[in-house]
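Heads up: the protein sequence lines correspond to chains A and B, in order. Take the first sequence: its letter number 59 is residue 73 in the numbering used here, and every next letter is one higher. Take the second sequence: its letter number 180 is residue 343 in the numbering used here, and every next letter is one higher.
Derived pair list, reagent style DSSO-like, types lysine-lysine, alpha-carbon separation capped at 27 Å:
1. A/K102 <-> B/K377
2. A/K48 <-> A/K102
3. B/K366 <-> A/K120
4. A/K120 <-> B/K379
5. B/K297 <-> A/K48
6. B/K377 <-> A/K120
7. A/K102 <-> B/K379
8. A/K48 <-> B/K270
9. A/K120 <-> B/K353
10. A/K120 <-> B/K332
11. B/K366 <-> A/K102
Restraint ranges, calculated between C-beta atoms of paired labels, are given here:
12. B/A254 <-> A/L60: 45 to 53 Å
13. B/Y261 <-> A/M27: 34 to 42 Å
14. B/K353 <-> A/N42: 42 to 50 Å
15. A/R18 <-> B/M361: 36 to 44 Å
16. A/L84 <-> B/A254: 55 to 63 Å
Because the hints were derived from the structure by calculation, they are not lab data. Idealized CB from N, CA, C, for every residue including glycine.
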Amino acid sequence: MSKRILIVDDSSMMRKMITKILEPGGHNIVGEAKNGEEAVELYKSLKPDLVTMDITMRGMDGFTAAQEILRYDDEAQIIFLSNLDEDKYGEDAQRIGAVGYVNKHKSREILEIIDGP
Amino acid sequence: MRNKSVKNHTPDFPKNYLIYFIPAIFIILLLGAELIFEVGSDGLYKQIAESISSQFPDQVDSPDMSEVRKILKNLHARVIVVVSILFLCFAVSAILFYRNFVKPVDKMARGVRRMAGGHLDELIQVSPDNEIGKIGELINDLAINMQEILLHVWNHTGQDLALLDRIVKICGTKPGGNGIPDEMKDDLRKVRQDIEDMQNMVKAFDYYNVRFEKEKIIAGEKDRAKRCRNFSSF
Chain A
15 MSKRILIVDD SSMMRKMITK ILEPGGHNIV GEAKNGEEAV ELYKSLKPDL VTMDITMRGM
75 DGFTAAQEIL RYDDEAQIIF LSNLDEDKYG EDAQRIGAVG YVNKHKSREI LEIIDGP
Chain B
164 MRNKSVKNHT PDFPKNYLIY FIPAIFIILL LGAELIFEVG SDGLYKQIAE SISSQFPDQV
224 DSPDMSEVRK ILKNLHARVI VVVSILFLCF AVSAILFYRN FVKPVDKMAR GVRRMAGGHL
284 DELIQVSPDN EIGKIGELIN DLAINMQEIL LHVWNHTGQD LALLDRIVKI CGTKPGGNGI
344 PDEMKDDLRK VRQDIEDMQN MVKAFDYYNV RFEKEKIIAG EKDRAKRCRN FSSF
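Assemble the whole structure, with the sequences as input and the hints as a guide.
Have a look at this one:
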């Protein structure tokens with residue numbers, strides 16, 4: 015099922031790469047944010063079905079932005095997509111309430127989380 | 164060593180730009196002083212008086228020159244004001260040009276120099292309101308993208324090394340097998356060397372808010388402190 019997705023990443027190249035993975039999968043990219051502040055604003059105005067969230071960003075980081083979004087909408091679907099070590103940060107993501115954590119070098123796995131098993 | 168080589172090839176920005184203003188200020192001052200001196204001197208008054216006298220040779224009484232002197236005095240005062248305003252305008256323009264163009268460009272050059280030296284953790288702090296700020300933002304984007312690519316390379320090479328170790332282990336311990344043939348051992352060694360070279364290249368950079376810890380990418384101090392604060396509120 016097609017989903018409306020908001021991509022949050024400070025790297026323009028990475029945002030493009032994620033778009034290239036998600037769009038052929040039938041999903042619709044409704045917005046792109048390059049830091050946490052933009053992500054929270056865009057989430058409130060666009061109300062996407064899902065957010066892909068980087069962690070380390072200039073300005074507000076991904077964990078803080080995810081918490082802000084979940085405070086605004088406790089049913090928000092957030093998947094962390096980061097270069098940081100999954101073993102170390104996956105647990106933190108889960109504790110916050112994210113639906114998944116994918117390492118950027120395995121970005122295609124994000125489709126498995128979105129589309130389900 | 165990395166910084167030293169970059170420093171040697173980078174021009175000193177403000178000095179180069181200010182050199183253009185010094186001759187211009189000098190010329191304005193020189194021309195202004197010449198104009199003020201010429202208008203205020205007796206030479207011009209005498210020239211005008213002689214010119215008037217020569218045009219009325221038949222007049223018995225010498226013409227009244229007090230009005231001419233008054234006009235010249237007035238003109239002298241005006242020239243002083245105009246030259247002063249001109250100089251002031253030029254000086255203000257030079258200061259504004261330095262503040263709004265030379266200084267930000269110099270700041271940007273220093274930032275780019277640091278980035279070129281491998282310090283991707285340092286971003287250019289510029290106001291995005293003007294063209295220079297926009298260029299600064301684009302340079303920052305390049306640095307962010309470069310960090311992303313390098314960390315990507317790090318994660319992939321780490322995964323490849325683990326796979327290589329696995330292949331070597333499986334081949335070496337296969338029951339009844341003869342282990343890895345010698346010619347393949349050399350190839351595997353070269354592959355490993357190439358991967359390690361790539362990892363060393365990645366490690367040569369400084370990254371924004373991430374660091375390497377036992378071959379893993381860990382968030383820098385800034386994010387870690389924030390996370391500790393955030394989780395304590397849950």
